[in-house]
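Chemist: Here are the chains, one letter per residue:
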Amino acid sequence: MSRLKPGNEYEKTFAFRFFRWLSGSKDPYVGEVEMQAQQEKVIPEETIIERMRESEMIRDKIYDGEQNKAARIFHKIYMAVAIFFCIALVGVLLLAVSCLPPNGNADNPVNNTVSERYIESGLQETGALNIVSGMILTYRAFDTFGETNVLFIATCCVMILLMLDDAILKKEAVSNDRRFEPKNDTILQGVAFVLCPVIFIFGIYIILNGHLSPGGGFSGGAVMGSGLILYVAAFGFKKTQRFFDEHIYKIAKITALCMYGLIGTYFYMTGANGMDNHIPLGIPGHILSSGIILPINVCVGLEVACTMYAFYALFRRGGL
Amino acid sequence: MDFVRNFPCISIMLCLFAGIISSGLRGRAAMIVNAGLLVINTALSACTLVYTLALGESFVYVMGQFPAPWGNEIRAGVLEALMALFFCIIMLLSLLGGRHKLLEGVEKGKLYLYYVLMDLLLSSLLALVYTNDMFTAYVFVEINTISACGLIMIRQNGRTIEAAVRYMIMSLLGSGMLLLGLCMLYDLTGHLLMSNIQESVALIVAEGKYTIPLIISIVLMSVGLCIKSALFPFHAWLPDAYGYSTVSSAAVLSSLVSKGYIFLLIKIIYRVIGFEIYRDSRIIDILFVFGLMGMIFGSLSAIRENDIRRMIAFSSVAQIGYIYMGFGMGTEAGMTASVFHILSHAATKSLLFIAAVGLTDVSGRNRQFIELTGSGYRNRWAGAAFTVGSLAMVGVPMFSGFISKLLFSQAAVQNHAKMLPALIVLGVSTILNAIYFMKTVIRIYTPVENTSYPSLTCKDMPLYAVVLAAFIILNMTLGVSSQPVVDMIRQGLAMFA
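Protein sequences, first through last, are from chains A and B. Under my numbering, think of the first position of the first sequence as 823, with each following residue one higher. Under my numbering, think of the first position of the second sequence as 298, with each following residue one higher.
Don't take each hint at face value.
Unchecked claim - Quick look at which bits of chain A chain B covers, simulated, 3 or more residues with Cβ under 8 Å: (1) 832-840; (2) 967-980; (3) 1066-1078.
These are computed hints drawn from the structure, not numbers from a lab. Glycine included, each C-beta is placed from N, C-alpha and C at the ideal position.
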């Protein structure tokens, strides 16, 4: 090795010290740092026992009803007031119910122009045979968008509470989170093998026929979500992640909600500004009919299915 | 139709879209989306405010192809636009001011969820402000409740989880009562739209047929909203929720979330039940008494507290008491004072929370008063801002709190039956306020020798200093040029009737 600097100066450079350290000719600690054995902090046993006895004594005194007279009296008064309050509330509510208009009476205030129009011209105006679908998804589309967002935000809150870090999840994935369950239960897998396709098809049927028969996005989505949960329970997360992992979950959820939002915004803005709604209503009774109800039902169904599955997965292993 | 009329609908939908899209973004991107959303919404609300002021009346906006009793509808007047503008500004400032704490206290992978919750919270606040339909209001109350729980527990330690559980139980009780009252009201009137309910309620009162269920449903709705906005006997969830959550959450919860519910109650009083019927129902006397008790007991609890954040939280109980006392007067003047106090308390309380964090940061993150000694010298911006907030809370002239106290006393003088208790409690509560806020100010400006804690200047945290300056300006503006704001509130309340 050629040296450009004279020996004295070279000894001050970093390179010299580095190579010296590399070759191990000088221990950097010798003469620089004094090493001492660490002294263990010793707490005498008497103090520990004393402390434990004290804390136990305090706890006993506070929670012991026999000795603490104030706590006992407070507890009794608390119970009495709580019971009195509940009885009073029940009484007031019963009184209110007894004074309400009798159920099923034709002159009730509820039977007014609002419900009349829903029932009489709902079919023409929304094109949906299922009046309830027509009502919640066309007449009151804004409320239902809010309701769908309630589900969305509930998933967000569960994620805050239960979502684990990616590293922990990968570690857990090795054991496939089946600490207390048998792996590959044959009976469960057999049943799921038969049932899952049927459940999925039934869920899709409910969603697509939401405007024709009882059902719709919320109920159909719940059915599809339960099918997904059954699949996971039988075959484990590894197999499910081949077609439904966190990435696809996010894409599905965001697409569904954004689609609903865009359709909704189009519907509100055209309506409010007095423009025509160009989405055709179609022929009532056909599968492709009833304007915005069918696409909204599909979006809601997707969102509900995702939410159901996400709840299960988050509670079971803290990740999707 | 003027294009400006679309702005309320656009701002609500923008919030929802921002929340949905943020759920697929990373923390930083979600933060930028949120800030952009708040700026845009501030501009939209300001345009709406200017438009309604020029129009001189409120307008309804049909959400869909079908007119009001069948479809959904929102309504914007001067008061609604003013509230929306204020909510957007304060949320923007609180989030910017607490950003460094947020980055510290929240897990990195969950930061985007915080902004999702904030976006949806803003949407629910705007919807509560603009709604003209009771069921829409209930749906967005749900969103508000759930997102508030998330905001409390995002900084995960044992105390915030406990606080969130408490908040959830009490808040759901309130939502349930609101829903029960709403169902009964629907059974009696057959409508969910506010103006139609008001007509039917007037008929019911004239006929005198269903008086008992009507009164009970009014009580259920009022008590439900009182629980959710922490009126005095229902405030047990408040100190933990505001005291231990991350600072932006505390500021937003205390200055916006509870105010959203109070604004909904104002809407119910004016637009659903009718002001005269509500006043004659004697419920306002109960609100008045609880408001007075809250003013005293909230301040007493604050005096006893040894933790600066919890002290500010307990002070909220007292200030909410002021607002309900204004309701309880049962006069137009009392209501104006209450609405002004909603604004002034929102501006002041978020300032206090953000400034308190600056003070605790230069005291080794200790929140006990003994450690805070002299912290006003170590972080001059935060000290000055805290002093301004304290003076405003106590009600010194030139600051916003003075105007609201002035308006409250003017309202009290006009109401002969309630003048004496209102004025006495107002005086006592002001003295109690002064005791605990001035104690803190004196404490933070007591010089201390050879302290081990480091000092911070505004160069260390430029954003934080700018936010504090903006808050101070907002407070002084409300205090110095209050007349335009008070006029707007009067005009808005006149549009309600």
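Chemist: Next step is simple, just say for each hint if it's right about the structure.
Modeler: Results for each hint:
Only residues whose beta carbon comes within less than 8 Å of a beta carbon in chain B count, and the region 832-840 of chain A has 0; fewer than three means the coverage is violated. With a threshold of 8 Å between beta carbons, the proposed coverage of the region 967-980 of chain A by chain B holds, since 10 of its residues qualify and at least three are required. For the region 1066-1078 of chain A, the assignment as covered by chain B holds, since 4 residues bring a beta-carbon within under 8 Å of that chain's beta-carbons and 3 suffice.
When the structure is compared with the earlier hints, a violation turns up for hint 1 alone.
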